[in-house]
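Undergrad: One-letter residues, chain by chain:
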Amino acid sequence: MNPRTRRILELVLDNLVWFMLLFVLIIFSLFVPNYFQLGIFANIIEASSVLGVMSIGLALVIITGHMDLSVESVAALSAMTVGILFCSAGIGLGIVLSPEWLMVPVSLLAAIAVGGLVGTINGVLVVKLNMSAFIITLASYIWVRGLVLAVSGGRSAQDLAPAIRWFGIQRFLGLPLTAWIAITCFVVFSFILAKTPFGRHLVMIGGNQTATFRAGIRVNRNLILAFVMAGAIAGLAGWLLAIRTSGATANLGVGLLFNAFAAVVIGGVSLKGGVGSLPGVYAGVLLLSSINTAINLMGLPPTFTQVIHGLLVLAAVLLDTLKQAIRQKLA
Amino acid sequence: MTEALLDLQDIRKNYGAIEALKGVTFSIGMGEVVALLGDNGAGKSTLVKIISGGLEPTSGRILFEGKPFLARSPAEAKAAGIETVYQDLSLCTNVDVVANFFMGREITRKVLGIPVLDERAMEREVAKALADAGTRIPSLRANVEHLSGGQRQAIELNRFVHWGGKLVLLDEPFAALGVEQTRRGLDMIRQVAAQGIGVIIITHIMQQAFQVADRIVVIRQGVVAGDVPTSKTSPDAVIGMITGETLAGTGSAG
Ligand SMILES: Nc1ncnc2c1ncn2[C@@H]1O[C@H](COP(=O)(O)OP(=O)(O)O)[C@@H](O)[C@H]1O
Ligand SMILES: [Mg+2]
Numbered sequence: 001m002n003p004r005t006r007r008i009l010e011l012v013l014d015n016l017v018w019f020m021l022l023f024v025l026i027i028f029s030l031f032v033p034n035y036f037q038l039g040i041f042a043n044i045i046e047a048s049s050v051l052g053v054m055s056i057g058l059a060l061v062i063i064t065g066h067m068d069l070s071v072e073s074v075a076a077l078s079a080m081t082v083g084i085l086f087c088s089a090g091i092g093l094g095i096v097l098s099p100e101w102l103m104v105p106v107s108l109l110a111a112i113a114v115g116g117l118v119g120t121i122n123g124v125l126v127v128k129l130n131m132s133a134f135i136i137t138l139a140s141y142i143w144v145r146g147l148v149l150a151v152s153g154g155r156s157a158q159d160l161a162p163a164i165r166w167f168g169i170q171r172f173l174g175l176p177l178t179a180w181i182a183i184t185c186f187v188v189f190s191f192i193l194a195k196t197p198f199g200r201h202l203v204m205i206g207g208n209q210t211a212t213f214r215a216g217i218r219v220n221r222n223l224i225l226a227f228v229m230a231g232a233i234a235g236l237a238g239w240l241l242a243i244r245t246s247g248a249t250a251n252l253g254v255g256l257l258f259n260a261f262a263a264v265v266i267g268g269v270s271l272k273g274g275v276g277s278l279p280g281v282y283a284g285v286l287l288l289s290s291i292n293t294a295i296n297l298m299g300l301p302p303t304f305t306q307v308i309h310g311l312l313v314l315a316a317v318l319l320d321t322l323k324q325a326i327r328q329k330l331a
Numbered sequence: 001m002t003e004a005l006l007d008l009q010d011i012r013k014n015y016g017a018i019e020a021l022k023g024v025t026f027s028i029g030m031g032e033v034v035a036l037l038g039d040n041g042a043g044k045s046t047l048v049k050i051i052s053g054g055l056e057p058t059s060g061r062i063l064f065e066g067k068p069f070l071a072r073s074p075a076e077a078k079a080a081g082i083e084t085v086y087q088d089l090s091l092c093t094n095v096d097v098v099a100n101f102f103m104g105r106e107i108t109r110k111v112l113g114i115p116v117l118d119e120r121a122m123e124r125e126v127a128k129a130l131a132d133a134g135t136r137i138p139s140l141r142a143n144v145e146h147l148s149g150g151q152r153q154a155i156e157l158n159r160f161v162h163w164g165g166k167l168v169l170l171d172e173p174f175a176a177l178g179v180e181q182t183r184r185g186l187d188m189i190r191q192v193a194a195q196g197i198g199v200i201i202i203t204h205i206m207q208q209a210f211q212v213a214d215r216i217v218v219i220r221q222g223v224v225a226g227d228v229p230t231s232k233t234s235p236d237a238v239i240g241m242i243t244g245e246t247l248a249g250t251g252s253a254g
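Which chain is which? The protein sequence lines are A and Z, in order.
This note's numbering puts the first residue of the first sequence at 1, with every later residue one more than the last.
This note's numbering puts the first residue of the second sequence at 1, with every later residue one more than the last.
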């Protein structure tokens, strides 16, 4: 094989998910009536903000070779916190700050702090007790959701303060600000992962933890930070979720974990750790969202979505294996 | 002899019930090359890990540059100037050659106060270091998983030469290298020692030890079974020490 074909092949392999996204969009545009519209594409991006943000944190932890199953429950807890503080109906306390815009940073900080706190607990337990992240975060997935149920008593908060909801309504270039927040997160964290020593260390820890420890990298500190970030980012996702639903219910966001998981795997992040990039994950999120939109437009029952998502995860894992086999041949 | 660079005094290490080291005592001076020999399981790797901060000794005293020293992590050992090439390679195969070379010591430049990887500067330095050492690697941007065992070992060797420090520990560094690369590796060790850096090299190949070392220290079953200048012993005598057939330290003068 000459170097040029090889380089092209590697380029395709590295960005496979983007080609898949393009392929799916073209197919849908051709065959699904009314799919090819600017509004639809804006809708796809808009609908993927919460999932997108959550996937960033999950991807970071998986890239270090660990796992965080708690992100969905954490987002729900953050959303519920914002709901209880700043909703005026249901279980909302309806706290009003003046000036009103002050509620934006305060609610945002509360959501991120709640997430960061759970992330810290996860990280410290996993790293200091040297326990399986899968088990620790599975426990968090359960107890954090339990906390949401407990503090809400199973009831919901409605009518989020208009100053906060403004982010879901105000548009810039056809997209609501919430979508821009998600896009900004992807840009910022892609940069951190690819261009800073911290990000480079996370990737290398995922590749060979012993080697990074021997090289003098502070592995434990970096790993705990990754969990804290995943929690904080899930908190931000919860804040966006509260805005989207203008409040919070006890079972808010149920099922998001599996979608985030699917997006991350489809996006090319290897579950073995050390491999993956956040732009790929964003493409994975958009791919899922495109498919959902197509299912809606075709008038299929939404139950199909789950079947298709499941098959997609399966396909993604198979694809990952196939990619590795091809790479071995290339080497 | 001037003050020792590293002085090990009665180092012991137990893994549970296994006594891997039962009181090891020897020292190494600046610019000196010591070959550490011994059978499989003698405790050589354990000793290296203790010096390099990967393991804590059960008991014993270490002096480094005359001062009590105990590295609680590889980071501390590195900060003190101790570089290590481990027996099982310490590369991250999921990133490229440049990233591995600078693992944990990346060159950065500040952009708006944030440290950002300076890939160009790093690539330049790696290219220079490899060229100086005569190591040829097709692409510095290729992930290490695509490289051969020999190329990987060459990267590790070049890495320690580049970073220098005060003491270098090499645990069977040539296991995956060909004849020519091994010769170059031995040259590198002499060059490094000529700069005043102490070198402890573990090897199984007697010929290499005699080619490169000033002194030979033999470990048998967790204790020093021989500590002789290379010029005053012979391969046969050393083999005797390793297997325990001759008395400690008595080689036939050669
Ligand atoms: N992590 C460990 N746990 C238990 N025993 C170990 C461990 N590492 C080494 N040992 C034992 O300690 C002894 C010395 O091992 P090692 O230092 O690797 O020897 P060498 O490098 O000389 O071959 C051996 O008996 C080995 O089985
Ligand atoms: Mg060994």
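Simulated from the structure, these hints should not be mistaken for laboratory data.
Honestly, I wouldn't trust all of these hints.
To be verified - SDA-like cross-link-like pairs, simulated, lysine to any residue; straight-line CA separation at most 25 Å:
(1) A:K329 <-> Z:V223
(2) A:K195 <-> Z:N143
(3) Z:K166 <-> A:P279
(4) A:K128 <-> Z:L177
(5) Z:K166 <-> A:S132
(6) A:K195 <-> Z:K110
(7) A:K195 <-> Z:V223
(8) Z:K232 <-> A:T184
(9) A:K329 <-> Z:H146
(10) A:K195 <-> Z:R105
(11) Z:K110 <-> A:K128
(12) A:K195 <-> Z:K67
(13) Z:K128 <-> A:G146
(14) A:K128 <-> Z:L55
(15) Z:K110 <-> A:K329
(16) A:K323 <-> A:S246
(17) Z:K110 <-> A:S270
(18) Z:K67 <-> A:K329
(19) A:K195 <-> Z:H146
(20) Z:K110 <-> A:L22
(21) Z:K67 <-> Z:L177
(22) A:K195 <-> Z:P115
(23) A:K323 <-> Z:R105
(24) Z:K110 <-> A:F198
Undergrad: Would the hint linking K128 of chain A and L177 of chain Z be met if the CA-CA limit is 25 Å?
TA: violated, 38 Å
Undergrad: Would you check the hint for K195 of chain A and R105 of chain Z, treating anything up to 25 Å between C-alpha atoms as holding?
TA: holds, 14 Å
Undergrad: When you check the alpha-carbon spacing of K195 of chain A and N143 of chain Z, does it fall within 25 Å?
TA: Status holds; Cα separation ~17 Å.
Undergrad: Taken at face value, is the distance from the CA of L22 of chain A to the CA of K110 of chain Z at most 25 Å?
TA: violated, 36 Å
Undergrad: Starting from K128 of chain Z, check that the Cα of G146 of chain A is at most 25 Å away, please.
TA: violated, 58 Å
Undergrad: Does S132 of chain A lie within 25 Å of K166 of chain Z when you go C-alpha to C-alpha?
TA: Roughly 39 Å between the alpha carbons, so the hint for K166 of chain Z and S132 of chain A is violated.
Undergrad: Can you confirm whether the C-alpha distance between K195 of chain A and P115 of chain Z stays at or below 25 Å?
TA: holds, 9 Å
Undergrad: Given the hint that K110 of chain Z pairs with F198 of chain A, test it: the Cα-Cα distance must not exceed 25 Å.
TA: holds, 14 Å
Undergrad: If you draw a straight line from the CA of K67 of chain Z to the CA of L177 of chain Z, is it 25 Å or shorter?
TA: violated, 37 Å
Undergrad: Would the pair K110 of chain Z and K329 of chain A pass a check requiring their Cα atoms to be no farther apart than 25 Å?
TA: violated, 39 Å
Undergrad: Between the alpha carbons of K195 of chain A and V223 of chain Z, is the straight-line distance 25 Å or under?
TA: Outside the cut-off at roughly 48 Å; violated.
Undergrad: Going straight from one Cα to the other, do K323 of chain A and S246 of chain A come out at no more than 25 Å?
TA: violated, 42 Å
Consistency with the previously given hints fails for numbers 1, 3, 4, 5, 7, 8, 11, 12, 13, 15, 16, 17, 18, 20, 21, 23, ordered from lowest to highest.
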